[in-house]
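A.B. asks: Numbered per UniProt numbering, the sequence shown spans residues 1 to 295.
No lab work stands behind these hints, which were simulated from the structure alone.
Honestly, I wouldn't trust all of these hints.
As the list claims (entries may be wrong) - Derived Cβ-Cβ restraints for the label pairs, each shown as a range:
{"#": "1", "residue 1": "L209", "residue 2": "S278", "range": "34 to 40 Å"}
{"#": "2", "residue 1": "Q247", "residue 2": "F124", "range": "19 to 25 Å"}
{"#": "3", "residue 1": "R196", "residue 2": "R251", "range": "26 to 32 Å"}
Values in this document were obtained by computation on a predicted structure and should not be read as measured data.
Here a beta-carbon is modelled for each residue, glycine too, at the ideal position from N, C-alpha and C.
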Amino acid sequence: MELRQIRYFVAVAEEQSFSRAAERLHISQPPLSQQIKSLEDELNVQLFRRLPRGVTLTAAGEVLLKSCRTILAQVRMAAQETSQAAAGMKGTIRMGTVSSALIYILPQILRHLSDNMPDIKIEFVEMSSREQTQAVLRDDLDIGLVHTPIDTTGLLTHQVFREEFCAVLPPGHRLASHDTIPLESLANDEFVFFPRTLASGLFDKMVSLCMKAGFSPQIHHTARHQATILRMVTMGLGVTVVPGSLQQIYRGDATFCRLSGAPEYVEMCVVWRAGEPSVLTQSVVASVQSRFRPA
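Given the sequences, and given the hints that come with them, work out the whole structure.
C.D. replies: This is the structure in structure tokens:
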């Protein structure tokens, strides 16, 4: 049974006429009749009752019509999905993200993609910026959502968000009652940071902030995840500096304080592999770029 025969059979069944079906299919009637006869011979059944005016389906024809309509619908869907995939409008994107992106910017990106590319599926994994850039270069991820600065060798980037740094103080800290503090007021405190190997650019930027404030931070404890760092601060193991949006998901007793003086920002970018990324990756990146402009 050929796809052409299926289309011919459905047309005759719906039109209840060989002549009208031939017009609908833009073919002459003899080839149409030959194909239906060939289909009946192949299945060894009679599909139509020939009447003086038109045709009607036999019981076998009724059963076949249901199946053929399903087949044609599946063929149309397959063609549509193939076309969408070729155009970068359908498929699965593997995306990495830093934890702080989960609060504000990632939901916005997801909402935008859902509205504009509803057939895209996204697989997420939470990773550090360094882990993401390495995964993108290995082609284990299609896109990353990272803090900058980063090593951009072999990568392309687009800024999607920036926010101010803020200090986090443990309960009972001498400055915990203040909404805003100068960073230099923490010069004698012990700090909790993440290891430099996880995001060297962001680590160096945070240290640089302290150096600009006139001191080198005393880093006594490190942790891989921001949530762990915040818990350690809550336990009184030190102070830290983090992106301000983390305050929205923090549920402990530590105090978030804005830093006085000229605002210092942490930037977030999408990253993808330079060279020849997939059509799907290019489409997702282009959609994100159209919505999120550098600040």
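A.B. asks: Which of the stated hints cannot be reconciled with the structure, identified by number in ascending sequence?
C.D. replies: Result: no hint breaks.
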